[in-house]
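As given, the protein sequences belong to chains A and B, one line each in that order. FYI, our numbering numbers position 292 of the first sequence as 292, with every residue one higher than the one before it. FYI, our numbering numbers position 106 of the second sequence as 1106, with every residue one higher than the one before it.
Keep in mind the hints are simulated off the structure, nothing from the lab. Since the model is a prediction, treat every value here as computed from it, not as a measurement. Possibly wrong hints are sitting among the right ones.
A few chain A residues facing chain B, derived, Cβ under 10 Å [what the hints assert, rightly or not]: (1) Arg316; (2) Lys324; (3) Ala325.
Where a beta carbon is used, it is the ideal one built from N, C-alpha and C, also for glycine.
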Amino acid sequence: MRYIPHTNEEIQAMLKSVGLRSVEELFSSIPESLLLQKPLKLPPPLDEQTLLGQLESIAARNHTLPMNRSFLGGGVYRHYIPSTVSDLIRRSEFLTPYTPYQPEIAQGTLQLMFEFQTMVSEIYGMEVANSSLYDGSTALSEAILMAIRIGKNRKTVLLPESIHPEYTQVAKTILKSFDEHFVTLPITKEGTIERSSLNDYLNPDLACCVIPYPNFFGIVEDVRDIVEKIHQAGGLVIFSVTEPLSLGLFESPGALGADIVCGEGQSLGLSPSFGGPFAGFFATKQTFLRQMPGRLCGMTTDNKGKPGFVLTLSTREQHIRREKATSNICTNQALCATQITLYLTLLGKEGFKKLAQLNWQRTEYAKQKLSAIPGVTLPFPTSTTFNEFVIQLPKNADVVLKDLRIKNFDGGISLDHWYPNLDNAVLVNVTEWNGKEDMDAFANALKGSIQ
Amino acid sequence: MEFPDDLKYTKEHEWVRIKGDVAIMGITDFAQEQLGDIVYLELPAEGEAVEQGEPFGVVESVKAVSDLYAALSGEVLEINDPLAENPETLNEDCYEEGWMIKVKVSDTKEVDSLMSCKEYQAYVKEEQA
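Turn these sequences into a full structure, and let the hints guide you.
This is the structure we're talking about:
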């Protein structure tokens, strides 16, 4: 099979028809200074067998630990995904079509997206959800943009320090020209939002306040007082949820008064896989429906009275509204959303709650076990957490984590890089993958590593 | 298609009913027909300023979303709240029940730039051609 689509004769014919003599002439508008003048430093060509051998030896250098030996979280979570999910998602009807959700064509896919939206709405406790966005961090950026659209002349955006630092980075990148209106809210000694810091911003310029739920330290805080204050000032409250499984145990953002809820869907049926592809969740109140980014699948009846599914409200999107579109989002994460729907369907309502309880219980065990090690402390001892918590070590966190890796443990995420005030802090995540014996073994290994 | 001759018209297919320095605005029969089933309407708040030729709101049909352009500059005195709740009224009665905003006109000279019924009819004919 040839991988060069055009023969020399064809290239000559095409050049002739546009009145050019050479390919170089075709690209002559590219400035000389941008052109690479020397050949690329590439090894000579290889046959398939040799190439495969080389790639395999590179792949063998990857150091992969079993899920139960890992305590890594921080926005991406290891949960057990039943084989049925991966088996179903690989069916070619799901896996291979491009834009399988074309209006009115694929009724099955549209129904599935409708179910997905229903599940997201129920988990978040909100009235409407879209059929997914790119991921949790871009969903947050879209939520902020939406709040600014609704607020019209309101500009201030409050972002607590306890939100995932990479989410803040993404939001500040997407809203770069708006950067000056971002205000960072400090955190208390308990890792929660410093309430007094709100007071300066409760004015007619307040567009929205973002509440991480649970926050980056795994803490689930009662934020009803914040919601009330923001609403009194006329601002909107955005909840950002990185671990939606927590909502199997804790009050939903909707019940707490959220106006917009967004977040990451990865933990519900997608593997961590180096950080993607994931799916962003996005939900809001019925009142704000037309300001919501992304696409929606609706249920209707056809002219014969039969139920059917349609893509709806796409008139707000870029392909119709051009520069006046609600957002730049013109698509969704249909395959990932399908996988999440499969996972949630298998898990069921009760399973969702039970799994959340299991995660919380195991984490509480790990918390006790690790903080009992002499020298290891909990910087936020009284805060309620879900399946993640912070420990402080008597030694440099990176050094300890490196040592743990030699002992075949991924011990967590070092926080020094983002929170220099939290000396030697490590974010530890525990899921149903980590059994009692894994946690005990990890505690022993940690004990050794800090000595 | 109906175009009452006591109204003034714009190239963006809005109509204006002028009484003294108060103007009532809406969209024409031609506009509602082109849009098809209207499902949503976004209007400004009372007290907001509108400017001739600039968008003051949004009308959404099953086919498209379009901006609404102010025929004259001024301050919004009143909006048609029942219409925002039942935007489909626009398809049935765009000149009476379907009025959108009432504006206190800041510069009555702007009226000169608007089209008469006759001029607008000719304009629509041209658009359709």
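Quick one, is the Lys324/A hint okay against chain B at 10 Å, beta carbons? Holds. Min distance 7 Å.
Proposed interface contact between Arg316/A and chain B, which counts if any beta carbon pair is under 10 Å: 6 Å, holds
Supplied contact hint for Ala325/A, tested at 10 Å Cβ to chain B: Hint on Ala325/A: holds, closest Cβ of chain B at ~9 Å, below 10 Å.
No hint from the list above goes unmet by this structure.
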